[in-house]
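Asks: Below are the chains, spelled out letter by letter.
2 protein chains.
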Amino acid sequence: MKQVIQALSTKLSNDQISTNDTVKELHSKDETYHQTSLPDIVVFPKSTEDVSYIMEVAQKFQTPVTPFGVGTSLEGHVIPYQNGITIDFSLMNQILEIKESDLLVKVQPGVTREQLNKELKKYGLFFTVDPGANATLGGMAATNASGTTTVKYGVMRDLVRDMEVVLADGNVIHTGNLAAKSSSGYHLNGLFIGSEGTLGCFTELTLQVYGIPEHIVAARATFPTLTNAIEAVTSILHAGIPIARVEFVDEASVKQINKFSESDYPVKPTLFLEFHGNASGLQEDLAFSKEIMQDHGCDYFNSETDNAARNHLWDARHNLAYAYIHDYVGKKMMLTDVAVPISELANSVTYAGEELEKLNIPGGILGHVGDGNFHSLIMIDMENEEEVKKAKQFNEKVVRYALERGGTCTGEHGVGVGKKPYQREEHGAALDVMTNIKKALDPNNILNPDKIVDIDNGGNL
Amino acid sequence: MKQVIQALSTKLSNDQISTNDTVKELHSKDETYHQTSLPDIVVFPKSTEDVSYIMEVAQKFQTPVTPFGVGTSLEGHVIPYQNGITIDFSLMNQILEIKESDLLVKVQPGVTREQLNKELKKYGLFFTVDPGANATLGGMAATNASGTTTVKYGVMRDLVRDMEVVLADGNVIHTGNLAAKSSSGYHLNGLFIGSEGTLGCFTELTLQVYGIPEHIVAARATFPTLTNAIEAVTSILHAGIPIARVEFVDEASVKQINKFSESDYPVKPTLFLEFHGNASGLQEDLAFSKEIMQDHGCDYFNSETDNAARNHLWDARHNLAYAYIHDYVGKKMMLTDVAVPISELANSVTYAGEELEKLNIPGGILGHVGDGNFHSLIMIDMENEEEVKKAKQFNEKVVRYALERGGTCTGEHGVGVGKKPYQREEHGAALDVMTNIKKALDPNNILNPDKIVDIDNGGNL
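Top to bottom, those sequences are chains A and B.
Letter 315 of the first sequence, counting from 1, is numbered 315 in UniProt numbering, and no numbers are missing.
Letter 34 of the second sequence, counting from 1, is numbered 34 in UniProt numbering, and no numbers are missing.
Accuracy of the hints is not assured; some may be wrong.
One copy or any two copies: either way a pair holds, since identical chains are not told apart in the list.
[Stated by the list, open to error] With a cut-off of at most 30 Å between alpha-carbon atoms, the simulated DSS-like pairs for lysine-lysine come out as follows: (1) Lys152 to Lys290; (2) Lys439 to Lys290; (3) Lys29 to Lys46; (4) Lys99 to Lys290; (5) Lys152 to Lys106.
In case anyone wonders, no lab produced these hints; they're calculated from the structure.
Take these sequences, add in the hints, and give me the full structure.
Replies: So this is what it looks like as structure tokens:
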């Protein structure tokens with residue numbers, strides 16, 4: 001590693017290269033139960049040129065490289081299992097350009113979603129994708145993140161127009177253009193988004209943003225059972241109501257919300273909803289949705305247009321994972337993340353709920369049910385081997401149930417190492433195509449090795 | 001070719017293999033000015049197994065393979081410049097499954113969009129993507145086609161959930177799954193869509209469909225100038241009105257429409273619009289849009305909810321290219337297809353209009369302006385060398401103007417051979433990444449060679 005540091009030092013300043021133990025430790029983990037592993041070096045590039053140079057050095061010395069945003073990944077994406085160089089993008093955190101007239105914004109990868117939205121608000125704009133964590137836009141693109149508004153506005157792949165990417169050999173490309181659609185060449189934009197740092201490092205992103213809707217109504221609805229709530233959602237979707245958000249939270253999770261966010265929501269299977277539109281259309285959508293939910297046994301319904309009340313509701317939802325973490329000190333979080341076709345959603349959530357109950361490990365079910373995507377969140381004691389084993393078996397059961405019904409093992413968190421065991425089952429022979437693409441673009445397997453696909457070059461995971 | 005035919009004959013019946021001159025001639029061209037070229041053999045597979053076998057034979061004998069839907073491509077995609085085998089998918093035209101509860105439909109690649117919509121109508125559903133031609137779904141996926149409803153519902157890449165694809169070596173993969181979103185593995189779905197037959201042959205597609213909106217209003221608005229009309233569109237987009245369709249047609253094209261479709265629309269720069277939504281929201285959107293258009297000089301506005309009148313309007317728009325072809329017998333059609341960021345749209349269309357006027361070749365401007373995408377359509381006399389040269393220069397000017405402003409050379413028609421000369425200019429070093437992907441997935445370059453990327457193995461174009 002001495003040689004690598006020496007080579008890096010010829011272009012990077014000393015404060016951009018760290019081998020400090022605390023710094024390394026901070027880059028050895030994500031927010032979940034995955035085993036930690038230290039990088040040898042953490043570098044802090046300030047420009048595309050820096051990243052390009054780092055990749056040249058890494059290529060020369062065949063050093064593994066792991067890109068790092070703020071470490072909020074949930075499947076071990078940022079953990080450097082082969083050590084080497086971790087590239088921390090925190091110094092590349094500038095909002096480079098806000099093109100109001102095109103509803104586009106250009107950012108560096110280290111910008112976080114909250115940082116971006118704070119700035120966009122001044123222009124009456126917002127960026128829609130909102131994972132629970134205050135993740136970086138680079139990390140969100142790397143995992144094809146989504147969130148509560150995806151049911152209306154789409155996932156990262158729908159909203160990134162163009163990226164600047166540094167390839168394994170240090171070359172710099174653009175993956176797209178600034179037009180709203182294109183049929184020119186292979187869809188590199190879509191390929192790099194969700195590639196989890198295994199095909200290149202993102203150094204600039206141009207994102208599509210929206211005007212903040214003039215009229216917004218949020219609502220909460222509770223149901224006697226989890227199944228009732230989910231069936232109400234599928235009916236709303238079938239009715240073609242253009243709902244902007246529809247989130248499910250089970251009883252255990254409502255309890256956590258109340259505790260952490262000082263709310264007093266009724267402890268019942270609950271839907272959090274939101275509607276965007278013009279004043280009269282929105283009222284009609286709201287009334288129709290309410291009617292549908294009542295048909296499915298909704299026993300409490302409350303809507304609010306007040307800004308502060310709405311924000312409190314969504315903050316509470318976004319902080320849900322932290323509410324669990326906060327309440328179970330010393331335990332580690334594991335999340336399932338399956339997405340299934342709508343028609344399978346009620347049964348899938350019911351199945352996961354039943355299995356979770358059998359587990360006898362603290363946790364709950366929540367999710368972006370408008371997309372057929374839900375999470376079982378469990379807090380496990382990593383010292384308790386039996387519990388870890390049971391938790392992993394539960395994860396596997398939920399995944400298998402989804403795959404057997406045409407679903408996916410991960411709706412939004414990505415593969416990392418946690419969902420890698422299911423890649424062959426989900427993708428079949430297509431996994432070989434993915435492996436061939438990885439080999440073509442990163443022949444020496446130095447870009448975030450061990451993630452998504454396994455390359456037979458002596459990976460030591 | 002004798003050996004190839006012999007090999008094919010061991011699995012395919014005689015009526016599935018043709019070397020008939022008329023059949024070959026039908027597969028030597030598309031709907032435009034591109035030079036024709038005959039295949040040696042045309043095959044008509046009936047199943048995935050047939051296609052897989054054809055690819056095995058092609059691989060064994062290193063025979064180029066060109067997939068063919070109904071030949072409505074606009075950039076020479078289906079023309080076999082290296083001869084070899086053309087795979088005609090017309091016998092694979094079954095609608096395999098309509099999953100109403102999931103708003104999904106599974107089709108074979110030879111199903112056309114009109115065939116599909118006729119069937120879906122029985123279920124109150126529709127497939128949104130509507131290029132002018134009655135193209136096959138396979139062809140539409142191959143070019144990442146879009147159309148008049150894209151501004152609301154998206155392009156093919158947004159609406160294909162999964163595909164079965166036969167690879168260059170005959171292996172069969174699935175590119176996606178049935179869930180509404182996924183972060184699992186590389187985005188093969190997006191990569192294969194728009195790959196124009198250069199990475200694999202599509203043998204099954206699962207498409208997302210929508211319920212036919214209960215309330216639809218169509219409208220026509222005319223403006224004193226082309227620039228007024230386009231500026232009105234950008235204002236509507238900035239206002240965040242969820243418009244379902246907004247099409248621009250210039251004076252020359254309105255004339256063609258009136259002649260071909262027996263309408264009497266005022267001969268002025270015109271917008272054709274459509275709104276989908278609930279009854280009250282839609283009226284508010286319509287009124288707001290009308291107000292915006294009047295601010296931009298709209299001098300005639302007419303809306304209709306009547307089904308027949310609406311259908312006539314959109315049929316007229318869809319038949320516009322044929323209206324030109326019909327009126328200029330013996331001439332060949334050339335289309336520009338740029339898309340630009342919204343802020344550049346008015347200037348781009350104005351520029352194209354001015355250049356078109358200088359040309360003195362019959363043609364007009366039309367387009368899906370809600371996506372920043374427009375076409376200059378010109379009818380050229382291929383015997384007139386000077387005219388052909390001028391037309392090509394015009395195409396180049398319009399493309400360059402768009403590329404210099406962050407746009408794309410093709411918004412929806414694809415690259416084929418016609419937009420290949422602009423690939424380096426548009427994609428820069430990213431074109432090398434595309435070439436590497438092509439080499440990794442089709443190492444012998446037998447899949448639709450000469451399209452999108454050039455591979456140095458003696459292509460003879």
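Asks: Between Lys439 and Lys290, at a C-alpha cutoff of 30 Å, which is it: within one copy, between copies, both, or neither?
Replies: neither (52 Å within a copy, 54 Å between copies)
Asks: For the identical chains here, do Lys99 and Lys290 meet the 30 Å Cα criterion within one copy, between copies, both, or neither?
Replies: Between copies, since 26 Å is at most 30 Å while 38 Å is not.
Asks: Which holds for Lys152 with Lys290 at a C-alpha limit of 30 Å: within a copy, between copies, both or neither?
Replies: So Lys152 and Lys290 pass the 30 Å test inside a copy (18 Å) and across (25 Å) alike.
Asks: Which holds for Lys152 with Lys106 at a C-alpha limit of 30 Å: within a copy, between copies, both or neither?
Replies: Answer is both: 22 Å inside a copy and 24 Å across each meet the 30 Å cutoff.
Asks: At most 30 Å between C-alpha atoms: does Lys29 with Lys46 qualify within a copy, between copies, both, or neither?
Replies: Result: close within a single copy only, 23 Å intra versus 52 Å inter.
Checked against the numbered hints above, the structure breaks only hint 2 and satisfies the rest.
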